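Enquirer: Make the full structure from the sequences, and use the hints.
Those sequence lines, one after another, are chains A and B.
Our numbering applies: residue 120 is where the first sequence begins, and numbers increase by one.
Our numbering applies: residue 120 is where the second sequence begins, and numbers increase by one.
Be a bit skeptical, because a hint or two may be false.
Same chains, same label: a pair holds when it works inside one copy or across any pair of copies.
SDA-like, lysine to any residue: derived pairs with alpha carbons at most 25 Å apart [as the list claims (entries may be wrong)]:
| # | residue 1 | residue 2 |
| --- | --- | --- |
| 1 | 188 | 151 |
| 2 | 238 | 182 |
| 3 | 238 | 298 |
| 4 | 260 | 191 |
| 5 | 260 | 295 |
| 6 | 203 | 319 |
No wet-lab data here; the hints were simulated from the structure.
This one's a predicted model, so the numbers in the text were calculated from it and none came from an experiment.
There are 2 protein chains.
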Amino acid sequence: MVRKAEFEDSSFIEAAIELIAVGGPAAATMAAIARAAGAPTGSIYHRFSSRAALLAAVWHQCLAALAAKMLPPLNQGQSEAAVKALIDWATKHPAMARVVLLHREDDLIDGELPTELHKQMNRLNQQLGAGLSALLSHRQKTLSTSNLALANFAIFDGPIAALKPFLRGPKNVTPPNHTTADNGTCRAAALACARASLDLLE
Amino acid sequence: MVRKAEFEDSSFIEAAIELIAVGGPAAATMAAIARAAGAPTGSIYHRFSSRAALLAAVWHQCLAALAAKMLPPLNQGQSEAAVKALIDWATKHPAMARVVLLHREDDLIDGELPTELHKQMNRLNQQLGAGLSALLSHRQKTLSTSNLALANFAIFDGPIAALKPFLRGPKNVTPPNHTTADNGTCRAAALACARASLDLLE
DNA sequence: CATGAATTAAAATAACCATTCTAGAATGAT
DNA sequence: ATCATTCTAGAATGGTTATTTTAATTCATG
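Expert: Now the structure itself:
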């Protein structure tokens with residue numbers, strides 16, 4: 120039985136990523152996503168139960184793609200390589216990188232996410248936490264809350280913030296001087312930030 | 120002529136700041152802001168032409184408050200003191216700090232902002248740019264775009280990202296280990312990040 | 001003490017968007 | 001060939017929330 124689907128989950132996810140990268144999450148309306156994917160709006164609901172579910176899938180896909188590059192070095196205690204992996208990934212996938220940069224917890228509201236996705240997101244978070252722990256272990260540091268937070272900033276939040284001037288959206292009109300920078304500068308800042316923060320581990 | 124106003128601009132701005140701090144910008148609906156301020160929704164429109172204008176005023180007020188603390192040391196080339204000022208300010212005004220942390224350009228959309236506010240925002244941006252330039256000058260560095268971006272990350276974006284684990288909202292349910300940290304840890308990370316980035320100036 | 005500008009107050013409206021619905025079309029199984 | 005199922009297609013619906021409107025209130029001023 121059944122008719123072949125013309126649109127896949129990924130069609131809508133990818134369309135949403137592009138829209139978010141350009142105009143922020145607010146620009147990713149269901150109508151806009153459908154239009155970008157060349158589909159009628161109704162079709163999205165055959166793939167995703169709600170907009171919240173779709174946006175959660177977007178967030179998960181981006182974070183998972185990033186984690187795939189970072190976890191191997193991280194689990195071997197190679198912090199420098201992990202940060203470099205982040206930068207290379209962001210350079211290669213600027214749209215996904217912008218999704219990560221623009222992500223805010225309160226975008227995900229609604230406890231009504233599909234169970235499956237919820238599990239995947241938990242697993243991913245767990246893997247990232249394990250990666251940070253591995254990093255600490257390799258450096259013979261305690262697995263304290265402060266050390267974990269420090270490592271998280273050193274490896275993720277710091278470098279991502281450092282990439283901000285490089286990850287400018289396309290449509291910006293008046294970009295002040297201090298909001299633009301080339302890849303090399305951002306890379307240096309991200310690495311410096313990571314090293315300095317990791318030196319603080321106790 | 121005229122009746123005395125019962126509500127001031129600041130009533131609504133402050134109510135909005137609290138709401139944003141707790142539930143993100145999406146929680147700051149006109150109805151919620153009015154309720155929090157103890158006013159009817161309609162009254163807000165006697166102070167602000169639109170929600171966009173109000174939110175822009177919120178953003179400007181928070182950034183201006185922060186800048187007031189940071190610009191003096193910055194203009195004297197005291198980068199360390201500037202970052203400390205940021206941390207102290209965030210510690211003292213967590214709600215405003217969260218507004219800064221959660222701020223995203225695309226929240227400000229709509230080119231239809233009041234001229235006056237637009238001017239104020241331009242002036243503020245200019246002052247911040249001048250502060251960064253002063254910092255570079257004191258260190259005998261060139262005023263290149265990369266150096267400005269680097270300084271901006273060192274003084275603003277980096278430290279603010281470092282404070283994230285300390286600036287957790289109240290309502291969070293399952294805060295993963297690596298997302299919480301005390302003030303001391305965050306302070307150390309912010310300062311380390313700043314120092315390391317400033318060392319990269321050319 | 002009347003006047004009217006500026007306001008409070010709350011209800012009405014309108015715009016935007018997610019979601020649902022109705023119809024028709026494709027596809028594989030029986 | 002027919003049926004059940006899953007899809008496309010796009011219009012209709014409904015809920016949320018910004019904004020407007022209308023009426024009543026206040027108060028400095030002439």
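Enquirer: Of the numbered hints stated previously, which ones are contradicted by the structure, given in increasing order?
Expert: Of the numbered hints, just 1 does not hold.
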